[in-house]
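A.B. asks: Assemble chain W onto chain P, guided by the hints.
2 protein chains.
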Amino acid sequence: MLARLRDALPLLDQLTQYSADHLKSDLSAGLTVGVMLIPQGMAYALIAGLPPIYGLYASLIPLLGYAIFGTSRQLAVGPVAIVSLLVAASVAPMAEGDPNRYIMLALTLTLMVGVLQLAMGLLRFGFLVNFLSHPVLSGFTSAAALVIGFSQLKHLLGVDIERSNYIHEILWAAAQQWEAIHLPTVMLGVVGIIILLMLKRWSKAIPGALVVVVLGTGAIWLFGGNQAGVSIVGEVPGGLPRFVIPAFSWADVQALIPGALTISLIGFMESIAVAKVYARRNGYSLDANKELVGLGVANMAGAFFQSYPTTGGFSRTAVNADAGAKTNVAGIISAVVIALTLLFLTPLFYYMPNAILASIVMVAVAGLVDWEEAMYLWRVDRRDLALMALTFVATLTLGIEEGILAGVIVSLVAIIYQSATPHTAIMGRLPDSTTYRNLKRSPNAITRADVMIVRMDAALYFANVSTFKDLVSEIDMNNDALRAIVIDMYPVNRVDSTAAHALHEIIAVCHENGIDLYLAGLKGPVHDVLSRAGVIHELGPQHLFHEVHAAVQAAEAAHRSDASGNGTASDTERSETERPAEVSS
Amino acid sequence: MLARLRDALPLLDQLTQYSADHLKSDLSAGLTVGVMLIPQGMAYALIAGLPPIYGLYASLIPLLGYAIFGTSRQLAVGPVAIVSLLVAASVAPMAEGDPNRYIMLALTLTLMVGVLQLAMGLLRFGFLVNFLSHPVLSGFTSAAALVIGFSQLKHLLGVDIERSNYIHEILWAAAQQWEAIHLPTVMLGVVGIIILLMLKRWSKAIPGALVVVVLGTGAIWLFGGNQAGVSIVGEVPGGLPRFVIPAFSWADVQALIPGALTISLIGFMESIAVAKVYARRNGYSLDANKELVGLGVANMAGAFFQSYPTTGGFSRTAVNADAGAKTNVAGIISAVVIALTLLFLTPLFYYMPNAILASIVMVAVAGLVDWEEAMYLWRVDRRDLALMALTFVATLTLGIEEGILAGVIVSLVAIIYQSATPHTAIMGRLPDSTTYRNLKRSPNAITRADVMIVRMDAALYFANVSTFKDLVSEIDMNNDALRAIVIDMYPVNRVDSTAAHALHEIIAVCHENGIDLYLAGLKGPVHDVLSRAGVIHELGPQHLFHEVHAAVQAAEAAHRSDASGNGTASDTERSETERPAEVSS
Chain P
1 MLARLRDALP LLDQLTQYSA DHLKSDLSAG LTVGVMLIPQ GMAYALIAGL
51 PPIYGLYASL IPLLGYAIFG TSRQLAVGPV AIVSLLVAAS VAPMAEGDPN
101 RYIMLALTLT LMVGVLQLAM GLLRFGFLVN FLSHPVLSGF TSAAALVIGF
151 SQLKHLLGVD IERSNYIHEI LWAAAQQWEA IHLPTVMLGV VGIIILLMLK
201 RWSKAIPGAL VVVVLGTGAI WLFGGNQAGV SIVGEVPGGL PRFVIPAFSW
251 ADVQALIPGA LTISLIGFME SIAVAKVYAR RNGYSLDANK ELVGLGVANM
301 AGAFFQSYPT TGGFSRTAVN ADAGAKTNVA GIISAVVIAL TLLFLTPLFY
351 YMPNAILASI VMVAVAGLVD WEEAMYLWRV DRRDLALMAL TFVATLTLGI
401 EEGILAGVIV SLVAIIYQSA TPHTAIMGRL PDSTTYRNLK RSPNAITRAD
451 VMIVRMDAAL YFANVSTFKD LVSEIDMNND ALRAIVIDMY PVNRVDSTAA
501 HALHEIIAVC HENGIDLYLA GLKGPVHDVL SRAGVIHELG PQHLFHEVHA
551 AVQAAEAAHR SDASGNGTAS DTERSETERP AEVSS
Chain W
1001 MLARLRDALP LLDQLTQYSA DHLKSDLSAG LTVGVMLIPQ GMAYALIAGL
1051 PPIYGLYASL IPLLGYAIFG TSRQLAVGPV AIVSLLVAAS VAPMAEGDPN
1101 RYIMLALTLT LMVGVLQLAM GLLRFGFLVN FLSHPVLSGF TSAAALVIGF
1151 SQLKHLLGVD IERSNYIHEI LWAAAQQWEA IHLPTVMLGV VGIIILLMLK
1201 RWSKAIPGAL VVVVLGTGAI WLFGGNQAGV SIVGEVPGGL PRFVIPAFSW
1251 ADVQALIPGA LTISLIGFME SIAVAKVYAR RNGYSLDANK ELVGLGVANM
1301 AGAFFQSYPT TGGFSRTAVN ADAGAKTNVA GIISAVVIAL TLLFLTPLFY
1351 YMPNAILASI VMVAVAGLVD WEEAMYLWRV DRRDLALMAL TFVATLTLGI
1401 EEGILAGVIV SLVAIIYQSA TPHTAIMGRL PDSTTYRNLK RSPNAITRAD
1451 VMIVRMDAAL YFANVSTFKD LVSEIDMNND ALRAIVIDMY PVNRVDSTAA
1501 HALHEIIAVC HENGIDLYLA GLKGPVHDVL SRAGVIHELG PQHLFHEVHA
1551 AVQAAEAAHR SDASGNGTAS DTERSETERP AEVSS
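As you go down the protein sequences, you meet chains P and W in turn. Going by our numbering, the residue at position 298 of the first sequence is 298; the numbering climbs one at a time, nothing skipped. In our numbering, each number is its position in the second sequence, counted from 1, plus 1000.
Derived by calculation from the structure, the hints in this document are not laboratory data. Any given hint could turn out to be false.
[What the hints assert, rightly or not] List of simulated lysine-lysine pairs, BS3-like, C-alpha gap at most 27 Å:
1. W:Lys1276 x P:Lys469
2. P:Lys24 x P:Lys469
3. W:Lys1469 x P:Lys276
4. W:Lys1290 x P:Lys469
5. P:Lys276 x P:Lys204
6. P:Lys469 x W:Lys1440
7. W:Lys1276 x P:Lys326
8. W:Lys1204 x W:Lys1326
[Claimed, not checked] Pairwise CB distance ranges (calculated):
9. W:Trp1378 x P:His168: 56 to 64 Å
10. P:His537 x W:Arg1281: 18 to 26 Å
11. W:Tyr1018 x P:Trp378: 51 to 59 Å
[Stated by the list, open to error] Calculated from the model, a selection of chain W residues having no Cβ within reach of chain P, i.e. all distances over 10 Å:
12. Val1159
13. Val1529
14. Gln1542
A virtual CB, placed ideally from N, CA and C, is assigned to each residue, including glycine.
Isolated chain P (complex conformation):
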């Protein structure tokens, strides 16, 4: 009973071994992350198209929810840039400019994301995240970072630009209003960016975002920048988020489904990737499905307390871990920092300039444009680079959700195409060894006229069966010297019933031509299917070997005894001595 409870509530498990040392570490980490969350949360709320205070609401209840149900001890949950963008992309087209409806839809979306993540976790659907490949994610994140960066242009320039997911629309709108650009605002934002970049380079221990927020707010307060037309955050309601039941219509829920699905998966993907890194570094294991449950509870709980969708963020988790977080208690301490801020410090936010928040966003997302991955793929895998580029371009041109969907679909089609057109090889024996390798790669490998050794590098199934049949049928069976074909089956990881049919056909062709067929290196699951299909029986167990070399030796021995038996000697190509066939079955 207690074990099951501990299993469901990882925090309980952690608390049973809690020590004063743990508390010291968690306190330090929790305070650091909490302080970092204040400006970041408010800045990310701007990306989501919400009032800044909602970034703080999203930094409170979800942290507590995750602390109780989550299994990562270092993960820092809260608002993150990409999810904020996805929220805006889903909600903005439906809100029709009504700020109250916008907020209501965002809260509904949070509840949906929570329910979806919880359901996926309980149904063990965490594996779905595996279908987001690295190049697709990288192309998507890079494009999203650009969209986010440009979405803040209006705050940096102090002009009114309608929200858009398309960079060219934003730039065009900005260009049309170039004479309205507010110079003091631009200067403030640019100085903010410069300070952030300098602090980032100088020392990672300094919470840059907090520094520029304090400096920027102080400057406006001192010099009355708001009278000069600098846009400020203004009146912020004090106090903790209220309990609200998201009011929704089924039509809204249906329209939000694609967005909720995307956020659930992308948010989970970001979270699990960073959580796994720190789990490994700290020597504990992580269950993807339990993580989904943890994030699902965090979002569901948050939805009832004015939170927009959250997940585990990359940069704050790194800070949390570096600052020594040992258990989920660190997250609770961060939440307490936010709660105290909401209760007592909101009056201080009045003079906070939006341009400074925009500068924080821009510097944060600049690091997400993944040039390094593009360069890496240029060297390593051009096909994957094309996939990254496709996702990048599709995200910028077709739209946020459409872009990632296009990337996923194309990457799956590419997988099928590749497995349908597998690599094949005719093999020879490497000199002074019993190893057989592709003749094209190892031109000095030794071939023989009487035994042909072939290999196909793929699971053998309906879509590539014809390649396999062609591999055998392209062998010149009318060649008088040829007595046997050995197929190296070790790279054949799986066979289906179509493949079993093909092997029956290949055996028939070989027999018609008086050629012996040997299979080497059959693996368990493949052997099972071929055995049930009668292929093993038809072939005879004496034609199965673990190793290619043993099969070649057996083929030679059979052919020699055959030749000596009926007197028609044809041992033309026995240029080298072979050891006797090893016992193998």
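C.D. replies: Structure of chain W alone, referenced to chain P:
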């Protein structure tokens, strides 16, 4: 120049080596198939919902077109049952009961099929057919055979039943009219079926369809069965098919696209499957894309001479080959038989009873219900049986085209799912060998505490990278005795950039834990990617081996020298002597 012409026109190539012997064989085969085509063509036209004479039109020009451009020397082109059904399924819903519009749509469809097949052939899209797996095709054919069989029920019962692709609708309509059933018609049809089945069992040399047609037509003529209410073919226009340009609207073309695509692929699939069998038996090779061109030309030419879509049929090709067809001249001779029939014999068709044509169809398609494949799959591969059953049920319930589409999609999803959840193994050495195998399958395999040997049976790519990482991370790295991990990479047929990232991570984890990582059996294409990704460099070439055994020996040697070097001996598990590491790189 001549070579290129020969390449484009296979018939020319065949004629340059033509002999009197060839002509004798081709004449016999061509006559046999031509005689067989007369009743079959008329019967299949009924399946397509067309007047019987259109079956003969479809047996003329397409045969000539294929004879000139096709590469199979035995393939007998003409109307076939499944394609006829697909024609009815596409055209009937659009014709709105207007017989002239029905014929016009069928001719338009023929032209579209021809253009599609020609285009696919020229663009080398023949590989697309590989995505129709055996179980899907089998399930589809079985269901289609049932639909075809039941579609003839109205002719067998002599009642008027509206065309439907749903068996339950046909049965319901028949049940509602049970008192209208025309007994003489039923008896005629049943006797036809019995004769056909008996002749089929007795001797394959007798053209059963022709026999029942002659007997049935004679009986009606003698006894005046048409006055007794037996439905007959009636007045048939004599003469060769006219040249007509299919008149079409773009709206019709758009509506026919799904049908044209399905017919192009299914027709090609049936044709190439049987053509390949006889190409192999007769020792020549076949190019799938050229076959598409041949069928495409056959259909395009046919479309202008009142032909509905045709393809190479299974049973007539078998007869053609058995009767000795040596070249495409056999097809030309069959066409001549049909031409003579159209010119001189059409008056004989007047008394031909529809019930006899229905009996021919029913016996022909009964053999297409693939019980054997279902039994085979029950033994061999339950997953494929499920796929066959799904396609079968979907074809009967969702519709003809929808059924095959559902089968293809589910089979592709299954492929992705399987490659995303690969088989993995921890391996040991088989006694008295250098072969390493799965411990679960070979419990007597020898393991060692200092070297762990693992394997993953799949191409390593984004969707299964997490399985691969888990495989390594589940190894207890804190085990003091463990010094090295050997990964058998020979079954890893391909890696992508996500996999390269994963290997970097795995190397890092191993190094953190003071464990040596060895890769054995890297194949060329995999080595290339890992080399460009820097994995090979990071690992060091001394950690790469062709064979698992060599890697294990190297690991042991390194560990031994390490132990003797720093004095902390820990050679706990050297229970057996190993030969010195073989030279390999």
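A.B. asks: Check the structure against each numbered hint from earlier and tell me which ones fail, lowest number first.
C.D. replies: 2, 6, 7 and 13
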